Every structure is written in structure tokens, then in C-alpha cells.
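Q: What follows is each chain in one-letter form.
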Amino acid sequence: MTTIAPEETAAREAVFDATVAADERIEPRDWMPDAYRSTLVRQIAQHAHSEIIGMQPEGNWITRAPSLRRKAILMAKVQDEAGHGLYLYSAAETLGTGRDELLDKLHSGRQKYSSIFNYPTLTWADVGAVGWLVDGAAITNQVPLCRCSYGPYARAMVRICKEESFHQRQGYELLLTLSRGTEAQHAMAQDAVNRWWWPSLMMFGPPDDESSHSAQSMAWKIKRHSNDELRQRFVDICVPQAEALGLTLPDPDLTWNDERGHWDFGPIDWAEFREVLKGNGPCNEQRINRRRQAHEEGAWVREAAAAHAAKHGEATR
Amino acid sequence: MTTPHPAEAPAPTADTSARPADWPLWEVFVRSRRGLSHTHAGSLHAPDAAMALRNARDLYTRRSEGVSIWVVPSAEVTASSPDEKDSFFEPAGDKPYRHPTFYEIPDGVHHL
Numbered sequence: 001m002t003t004i005a006p007e008e009t010a011a012r013e014a015v016f017d018a019t020v021a022a023d024e025r026i027e028p029r030d031w032m033p034d035a036y037r038s039t040l041v042r043q044i045a046q047h048a049h050s051e052i053i054g055m056q057p058e059g060n061w062i063t064r065a066p067s068l069r070r071k072a073i074l075m076a077k078v079q080d081e082a083g084h085g086l087y088l089y090s091a092a093e094t095l096g097t098g099r100d101e102l103l104d105k106l107h108s109g110r111q112k113y114s115s116i117f118n119y120p121t122l123t124w125a126d127v128g129a130v131g132w133l134v135d136g137a138a139i140t141n142q143v144p145l146c147r148c149s150y151g152p153y154a155r156a157m158v159r160i161c162k163e164e165s166f167h168q169r170q171g172y173e174l175l176l177t178l179s180r181g182t183e184a185q186h187a188m189a190q191d192a193v194n195r196w197w198w199p200s201l202m203m204f205g206p207p208d209d210e211s212s213h214s215a216q217s218m219a220w221k222i223k224r225h226s227n228d229e230l231r232q233r234f235v236d237i238c239v240p241q242a243e244a245l246g247l248t249l250p251d252p253d254l255t256w257n258d259e260r261g262h263w264d265f266g267p268i269d270w271a272e273f274r275e276v277l278k279g280n281g282p283c284n285e286q287r288i289n290r291r292r293q294a295h296e297e298g299a300w301v302r303e304a305a306a307a308h309a310a311k312h313g314e315a316t317r
Numbered sequence: 001m002t003t004p005h006p007a008e009a010p011a012p013t014a015d016t017s018a019r020p021a022d023w024p025l026w027e028v029f030v031r032s033r034r035g036l037s038h039t040h041a042g043s044l045h046a047p048d049a050a051m052a053l054r055n056a057r058d059l060y061t062r063r064s065e066g067v068s069i070w071v072v073p074s075a076e077v078t079a080s081s082p083d084e085k086d087s088f089f090e091p092a093g094d095k096p097y098r099h100p101t102f103y104e105i106p107d108g109v110h111h112l
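Going line by line, the protein sequences match chains A and B.
Heads up, the first sequence is in the numbering used here, so the first residue is 1 and it goes up one at a time.
Heads up, the second sequence is in the numbering used here, so the first residue is 1 and it goes up one at a time.
In case anyone wonders, no lab produced these hints; they're calculated from the structure.
If you're wondering where the values come from, they're calculated on a predicted model, not measured in any experiment.
Be aware that a few hints might be false.
Below, in silico cross-link-like pairs of lysine to aspartate or glutamate (EDC-like), each with a Cα-Cα straight-line distance of 20 Å or less [stated by the list, open to error]:
| no. | chain 1 | residue 1 | chain 2 | residue 2 |
| --- | --- | --- | --- | --- |
| 1 | A | Lys112 | A | Glu210 |
| 2 | A | Lys112 | A | Glu272 |
| 3 | A | Lys162 | B | Glu65 |
| 4 | A | Lys105 | B | Asp22 |
| 5 | A | Lys311 | B | Asp58 |
| 6 | A | Lys221 | A | Asp208 |
| 7 | A | Lys162 | B | Asp58 |
| 8 | A | Lys221 | A | Glu27 |
| 9 | A | Lys221 | A | Glu24 |
| 10 | A | Lys71 | A | Glu173 |
| 11 | A | Lys162 | A | Asp80 |
| 12 | A | Lys221 | A | Asp34 |
| 13 | A | Lys105 | A | Glu259 |
| 14 | A | Lys221 | A | Asp30 |
| 15 | A | Lys71 | B | Asp58 |
Excised from the complex, chain A in its bound form (with noise of 0.2 Å):
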């Protein structure tokens, strides 16, 4: 890089603030601070592990979906999660750090994805919650970030967003089948209900007062809203929808609070998230070996087409 004048950097961070403050997007080529920039990547490319990671638990089902629709369905969630990976692996590389990079950082441990895909699948009825529950917590912090001041960050939530709504249907529609069926289904899809309620809540994050990077994304309207209010919201949109599906949330101190207009709910056990986050939840060496045995046994794929357009002349770098 070459150095610029300290009041020229000033000059270009007025530009920069106004833009954000007049509610326009940043786009790539401008000049933007470097917090902003190394607090985007990191964002974007937690958010794109978490959906790549995302294909393993309901992968994990495609083999053994009761019907060809439920299968069909259930292959093609499972590939759009791969696109929305790469989705956003593009808008990270319009920060300058490319695929490979974050890849690698994913394979070595120095990138997180979401906890909740560290969590197993242990029955058909877990595909029902996972879509219902975790693509549904997923939507809820995902819809205000269609409006994130980067623009191409904001361009790829708006395609997922549209996207993610088949899945939280699907997932819903699955738990619905099996709630209605016979009484072993019901018991199954409750069963897994229980098992992803609360991971689902954690899913927002740390509450407001615990949480370090909050602050900053607000003002940067990278984050629109706290962690907490983005967690009533999913809490206040699930209930009604669990009274539909005949099955009940494992928290015994739900309760509407008329008052607040909320619901209020029981105390999340945030020792739970901060062992899973550390690496010691049920599946993070599976996920995470998984994902790495993935990546090379692709290996000879990726050969033979650099090989194959080297051959015909197309490599253009």
C-alpha cells in the first residue's frame, strides 16, 4: 500500500461515515476503515462455514428419508446450503481475502462456524427442527442483514433469505406430518423438539451486556439489532407456531408477559454454549474431520479441471 496523509485519510473517513449514516451501502472499492473490513470477513466468513458445515447434519439423512418427495426435498436444501456458502465466500473475497484462505482457516481450527451444526441428528424428526427451529432462528438474524451497510454482504442475505423460507417450510411441514401421526411419530418429533429448543436460542448469541463485538457492528449498521431482541422476536414467533404443530417447548417458565408484550422464557444454560464453543460439543471433531476429508478427497477433481483448462488454453491467470 502506499501512505496516505493522515488528513486525507480523515477526509475519507467523513465520506465513509456519512455514507453509513445516509443509510447507502459501502461498496467494495471504497475506502473503508480496517476494523470495518477485518470485522466484515470475520462475519462473513463464519456465516459461510456455518452453511458449508451446515450440509453434514441433514447429509446425514438424505440416504435414509422416508419417501423420494421427502428425499427430493431434502437433496435440494441441502444444495442450496452449499450455494449460500458460496454466496458469501464471494462477498468475503470483495474484501480481499479469497476462498482458499478462509478455507484453510475453517480447516485449521482459526475460523468458527456456528455452534449449533456441532450438535447431532439423531432421528428423521431432527430434520423437521432443524428446519423449523434452526433455519427459522437462522432467518430472524438474517432478514436485517439484507439492510448491512456492505452492500454485497446485503446483496447475498436478500438471495438467501428468499431461499431459506422453503427450508424453515419444509421443516415445519415434516414435524407437522409426524405430530399428527401415530403416537411413536408424535413422540419422536417432540423428542426433537426438546433436543434443539435451546441450542436454537443460543444461536443469537451472547446477551447484550456479554456480547464484544455488538457495539461497533451497530453503529457500522453492519448489525441492526442486539442479540436479545432478535431472541424474543424467534421466541415470541415460535410459540404460536409450536400451539399449531400440537407439540409443547421444553421451557417450563414459558410465559406471557402482558405487560411486556413478550413472552418471557427460562434462563439459557450458557455454560453449555461456551463448552460446545470451545470445541468440546458432541460433534466438532466429527464435523470439523468430516469437512477435511471432504476437501480432499476433492482434491483430484480439482486437478483434473485446472489441468483440463490448462490444456485447452482457458486458464486466463
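We have chain A; now place chain B onto it with these hints.
A: Only chain B this time, still in chain A's reference frame:
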């Protein structure tokens, strides 16, 4: 004058250290239906143009969003620089007479 830079990709001063090179980056443009222009949909990596087209189909038209796709190597896109925003686009700034609303027409005059 404009300087050559990829439209969305970072300026070439970005880190290009000794990592194994990823496939080149391609910009994808999709025509959503006949009668409309191709619109930028996003970007992707591919070893060559044929694979870029196939990847673009899988990545950007999974729900029949397109009837035609263009892929262009990102490195081949020449873009105006945001730094020269003011001077580069200035000539149009003081010419409101290029818009029909600039002109006052008496009430009752139609088809104008």
C-alpha cells in the same frame, strides 16, 4: 481516465502470497427472461469458461431465475475508480436541461 480494476474484486494490491492459487474468479450475469438485459448476479470460481457457465447455472439459477447466462473473467472488467467519483461524473451534474422536467409547458398542452 479510468484505471483497470475488477468491478467487485479487491484492487490488485491485495495479498497474493505463496498460497496455492484458487481457480480464477468470474463475474456472472443472468438474463431473467426474454426482453430484459443481463444483470450482475454475483461471482464464482471456475477453472475455465465452460465450467464457469455450468457452475453459474447451478449456483445462480436453481429456481429458474434465468434463460441466459454470461460469465466474464473478473480480471477483464475495467471499472471507474471510486476515488475520481466527483470529477469523473461531474460533467453531467450541471445539465438539468437534459431532463424533460426542466421545461415549463402551459396547462392544457397535451402529448408533449
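Q: Can you list which hints this structure breaks, lowest number first?
A: The structure conflicts with hints 5, 13, although it agrees with all the remaining ones.
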